[in-house]
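Engineer: What follows is each chain in one-letter form.
Number of protein chains: 2
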Amino acid sequence: MPYERLQAHRPLLEQTEAVGHAVRAVYLYSGLADLAAETGDRRYRRTLDRLWESVALRKLYLTGGIGALAVGEQFSGDYHLPNETAYAETCASIGLIFWARRLLDLDCDRRYAEVMEAALYNGALSGVSLDGRRFFYVNPLASEGRHHRQEFFGCACCPPNLLRLLASLGRYFYSAAEDELCVHLYGAGAARLEISGVRLRFVQETDYPWEGRVGLEISPERPVRFRLRLRVPEWCRNWSLSINGTSLSGRLSRGYLLLDRTWRPGDRLALDLEMKPELVHAHPAVGTAAGCAALRRGPLVYCLEGVDNPGLPSIFIDSARSFRPVRVESGPLKGLVLLKGRGWRASRAGWEKRLYSDRAPKLEPAPVIAVPYFVWDNRAAGPMRVWLPRPPAGS
Amino acid sequence: MPYERLQAHRPLLEQTEAVGHAVRAVYLYSGLADLAAETGDRRYRRTLDRLWESVALRKLYLTGGIGALAVGEQFSGDYHLPNETAYAETCASIGLIFWARRLLDLDCDRRYAEVMEAALYNGALSGVSLDGRRFFYVNPLASEGRHHRQEFFGCACCPPNLLRLLASLGRYFYSAAEDELCVHLYGAGAARLEISGVRLRFVQETDYPWEGRVGLEISPERPVRFRLRLRVPEWCRNWSLSINGTSLSGRLSRGYLLLDRTWRPGDRLALDLEMKPELVHAHPAVGTAAGCAALRRGPLVYCLEGVDNPGLPSIFIDSARSFRPVRVESGPLKGLVLLKGRGWRASRAGWEKRLYSDRAPKLEPAPVIAVPYFVWDNRAAGPMRVWLPRPPAGS
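As they're listed, the protein sequences go chains X and W.
The numbers in the first sequence follow full-length UniProt numbering, run straight up by one, and end at 395.
The numbers in the second sequence follow full-length UniProt numbering, run straight up by one, and end at 395.
Be aware that one or more of the hints could be misleading.
[To be verified] Which bits of chain X does chain W cover? Going by a derived footprint, with three or more residues having C-beta under 8 Å, they are:
(1) 47-58
(2) 185-191
(3) 311-321
(4) 348-359
[Unchecked claim] Cβ-Cβ distance ranges computed for the label pairs, FRET-style:
(5) W/D179 to X/A70: 53 to 63 Å
(6) X/E364 to W/K362: 24 to 34 Å
(7) W/D358 to X/D179: 29 to 39 Å
(8) W/R133 to X/E364: 17 to 27 Å
(9) W/A349 to X/D109: 44 to 54 Å
(10) X/S319 to W/E17: 56 to 66 Å
(11) W/D131 to X/S168: 56 to 66 Å
(12) X/R342 to W/K362: 21 to 31 Å
(13) X/G394 to W/L248: 33 to 43 Å
(14) W/P2 to X/G189: 43 to 53 Å
(15) X/A70 to W/S330: 39 to 49 Å
(16) X/G394 to W/D358: 37 to 47 Å
(17) W/R133 to X/D78: 37 to 47 Å
(18) X/K340 to W/L166: 36 to 46 Å
The hints are simulated quantities; they were obtained by calculation from the structure and are not laboratory data.
All values derive from a computational prediction rather than experimental measurement.
Cβ coordinates follow ideal geometry from the N, Cα and C atoms, glycine included.
All chains, full assembly: derive it from the sequences and hints.
Structural biologist: Below is the structure:
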């Protein structure tokens, strides 16, 4: 169905499901969001909502990847999210970020920011190696060790698109309206913005995404009243906020803390977002994650690599309680935060002369080391898994 | 590596791993087995053993399918047996049957017959629809419902190869040597054979593979002494044998019951092979079956189809104890034996507005109906699974 591949199978306003070429789709939807902003036409918003739900509730990898099928580089059916053969093109995650960013301008709703952040730190960022020299076009959630980044290639696609995204990253942090400033993302940096005709400097001091403490300094030219919305990520169970040393409890409005006050030069906010390792589970209809769980901490999805975990793919995980964030002190992953804890490994004893058996493999305790998904394939080649089976009852 | 694809990357006698185009490989190995039989050269046998172990212990689907990769229609690496993208060409299973049959002539060892029978009743037989009109080229172990048999096609490959196999099926049942007769397979039918210069008629009365009782009548022209070897399948835990009404216990020699006696016209054997539904598990290195189990009864691998099991792919199975064989009385599956029992289904309650969650899906009891793998895709299109997740501990 070539028209479907091009999202041209019916008028866009009648489309209810994200289909066809994934990159093309989210670029198209981004254009529709621009049109909605420009015209205020509610029909565009309703179409955007339907298509967003189609993607975010039924066709989105945990990593923020979209477009499950290599054939046609396109979306698959609802909940069909194969891991090893995931296409999840780097550019599709980037396009999803474009789209989510535009929707955040229309509507400061956390659900868009969650997806934007997940794609940014996982499925898009995995597109480039740690040394910045090699690129993934395709971002699977499982590998047997034969999928590797390649050097910058001529195709005017993922590599330059990723460079553009990273070079323009500042645009994704804030939405500024006449009398309102929304903070969607956290990360060290300084921004110059203008609210209610007053220029202000907005500084974030933080080690996010490795730590959840964020210091914010707001320096308007002169005192100015506006609504500040600070996103509290959905993965965050506990958080606290203080202004100039005085703690306060705000209310969440669609996932954003709303602070309506007059801001003065040098006002300082301290936001502390609890960032604990946790297990994530997929919708029951996602067959490729049935009985499995993934490790996540903050916005980062973690994965296991064979280089750290002998026995992969036979590593099982039942809880995130034993996992601790550990900063790497040296080597190629220096500065990154790994998760170290305990899981289970299927013993190969007794399996030397059989491929199948009426007896299930026995599980034995095993140390587990997880690295951020975007970091995989930067060291020795080997298997990789995002989704790990949970230990079966009685095993 | 095109030479590897053609198994021409090194001299055949130096090859230790099954690689390249799967159909071509097993045809080549079949030729090598013929050469080994013709020449008695032990080097050929050693090569055959190594290649057999490479396939049977590391590259074989439970269904008797081989050749995991669609790209190049070839073998993948050890233990890499993806389900949904399995190539497992019908012709590759047929070629595996050719090869196993030749090895059985060289060496009456059950390990070859197990694979031959598994391929015959599962990965090869699935190649044709129940009405004999439509054919699978590719035999995956999981489907989202978009993989279907097609009508007889021009390619001189799977369809005619399958017809040839079924039309010559008798050749796969017996190996007859000068003073020995090996019975590899069971199934209703009559064979005319010659042992020690004496012609004999060998009749099997049985409903195998649906039932494990096999009546054998041996009618030589005149009394003749020879060794009869009856295969006791590896899946069979308990069996009994009687000759002319007198029960006897034989010893197993490489999986075959050895009966050395003078056979007289009208001698009757009754072999009873216990055939219970059981769960099968895969080697811990098979990541695509980690935490999963499959249903098998006798030589038949079973699968679940969406048409019988609402909620698939979220069906979990923890035991085969509740499963009973049930003969279908009417409809398109009339005469076939299904397995009916109890499993678990992941509840979708609470998942309406989320694709991922820190809470695992809850499992609730669910009836399960399994059909023989070869029967799938003969009714309504929908998901299919051979490997089912086992319920995680605490779920």
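Engineer: Next, verify each hint and record whether it holds.
Structural biologist: Here's how the hints hold up against the structure:
Coverage of a stretch by a chain is defined here by at least three residues with a beta carbon nearer than 8 Å to that chain's beta carbons; for the stretch 47-58 of chain X and chain W the count is 3, and the condition holds. Evaluation of the coverage hint for the stretch 185-191 of chain X: breached, as 0 residues show C-beta separations to chain W shorter than 8 Å, against a requirement of three. A count of 6 residues in the stretch 311-321 of chain X with a Cβ less than 8 Å from any Cβ of chain W is obtained; the coverage claim is therefore met, three being the minimum. Counting residues of the stretch 348-359 of chain X whose C-beta lies closer than 8 Å to any C-beta of chain W gives 9; at least three are required, and the coverage claim holds.
For the pair W/D179 and X/A70, the supplied restraint of 53 to 63 Å holds, since their beta-carbon distance comes to about 57 Å. The hint said 24 to 34 Å for the Cβ distance between X/E364 and W/K362, and at roughly 28 Å that hint holds. For W/D358 paired with X/D179, a C-beta distance near 36 Å keeps the hint of 29 to 39 Å intact. The beta-carbon spacing between W/R133 and X/E364, approximately 51 Å, falls outside the hinted interval of 17 to 27 Å.
At about 24 Å, the beta-carbon gap between W/A349 and X/D109 misses the expected band of 44 to 54 Å. Judged by the Cβ atoms, the range 56 to 66 Å given for X/S319 and W/E17 is violated: they are separated by roughly 39 Å. At about 59 Å, the beta-carbon gap between W/D131 and X/S168 stays in the expected band of 56 to 66 Å. Between X/R342 and W/K362 the C-beta distance comes to about 25 Å, which sits within the given range of 21 to 31 Å.
The hinted range of 33 to 43 Å is satisfied by X/G394 and W/L248, whose Cβ atoms lie roughly 39 Å apart. With their beta carbons about 51 Å apart, W/P2 and X/G189 fall inside the hinted range of 43 to 53 Å. Taking 39 to 49 Å as the suggested C-beta distance range, the pair X/A70 and W/S330 conforms, at roughly 42 Å. Range check, X/G394 to W/D358: about 25 Å between beta-carbon atoms, so the 37 to 47 Å window is missed.
The hinted range of 37 to 47 Å is not satisfied by W/R133 and X/D78, whose Cβ atoms lie roughly 31 Å apart. For X/K340 and W/L166, the hinted distance range of 36 to 46 Å is not satisfied, since their beta carbons lie about 56 Å from each other.
In terms of the numbered hints stated before, the structure departs from hints 2, 8, 9, 10, 16, 17, 18, listed from lowest to highest.
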